[in-house]
Amino acid sequence: MDESQTPTEVKNISFIGRHRFMLFITLSVSVAITIVGVSMYIYSSSGAAQLDLSRPGYVSVRDQVTNSTSEFPNYPNNGPISQSDIDNFKSLYSQQAQKIKLVDAFSGDPLNLDSLVFSNPATTGQ
Amino acid sequence: MKAFARPVIICVGLAIILSGVLLLKVAAQNNAITPQQIEQIRSGCSPLKNTLNQLHVSDALLRVNMGQRYELMLTKLMDRFNSRVSSNNLNNTGLVFVSGSYNTALDAFRSDYILYEEQMSATINIDCTNQPSEFYDAIVLAQTKRSQVYSDVAKLNNLIDQYESAVNQFEKDYQFIAGKIAD
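Chains as they are written, first to last, in the numbering used here: chain H, 1 to 126; chain S, 1 to 183.
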């Protein structure tokens, strides 16, 4: 072994060796932060955040979520088709379509500034 | 060097003009509200925030419940019926076309709701006591985005009717074919 090279090699190895644990911790934390960052980005951009009623502030409406999956008919996607099958489908479809149209979701204009701000007694001080 | 100078100057000029237009637009937005209205917003900040919070929460519930129904119409009814028709070697072109449009409209509804909800959250986070003009502008923007969500809902309801018509047409075609076979 060349003794003149030994101190340099020992110096390099010992630096990594001395900080191995810190490097491991730093790398682990960096990976964890990156994964959390990516997860949060997916959570907010995919629309999951808007559907998540477990967030604070939504306590009052959590029990009002309806489980439509259980009441929705599961029309069989295979098998022969006859007039009765078509009639059955039309009946199921019509029932569900009626339920949807009864709600008229997001109608009205609750954000109309005239009624929200400028005519509201709470804001006009009347 | 000189060859690059002209396009750079043009780009810089366009950027200055665009910035000026945007600044004017922002100024115009902020100036649309009168001082009296600003004072009304300042004095009624708390009840306003409460109203917006309530709307935010009720819209979230509506989104979950109605979103489920719209999705199930597609997956449990339309797609299944289309599949069944296809597996019987019958013509389902009209049905597939409408259900495809419905799927596209459903995606638009989801996207537009995300934009609306983000705008509402941003609006609620504005301090309307110290920033009444910004609050006013944010509400106007939220109103526009909510209208877009409603128009998506109207389109979905329309497509539900269209699919029903397509099914009726399919039924007529089926009866015609079944009658011909019987003969």
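A few of these clues could be false.
Computed beta-carbon distance windows for the label pairs [unchecked claim]:
hint, chain 1, residue 1, chain 2, residue 2, range
1, H, Gly79, S, Ser147, 55 to 63 Å
2, S, Ile181, H, Asn78, 38 to 46 Å
3, S, Glu134, H, Gly79, 31 to 39 Å
4, H, Gly79, S, Ser58, 39 to 47 Å
5, H, Thr66, S, Val8, 56 to 64 Å
Source of the hints: derived by calculation from the structure; they are not laboratory data.
Note that the structure is a prediction, hence the values are computed from the model and not measured.
Glycine is no exception: its CB is placed at the ideal position from the N, C-alpha and C atoms.
Each hint tested on the structure:
1. H/Gly79 x S/Ser147: 55 to 63 Å: violated, 44 Å
2. S/Ile181 x H/Asn78: 38 to 46 Å: Since the Cβ atoms of S/Ile181 and H/Asn78 sit about 21 Å apart, the hinted range of 38 to 46 Å is violated.
3. S/Glu134 x H/Gly79: 31 to 39 Å: At roughly 59 Å between Cβ atoms, H/Gly79 and S/Glu134 fall outside 31 to 39 Å, so the hint is violated.
4. H/Gly79 x S/Ser58: 39 to 47 Å: holds, 42 Å
5. H/Thr66 x S/Val8: 56 to 64 Å: holds, 60 Å
The structure shown violates the earlier hints numbered 1, 2 and 3.
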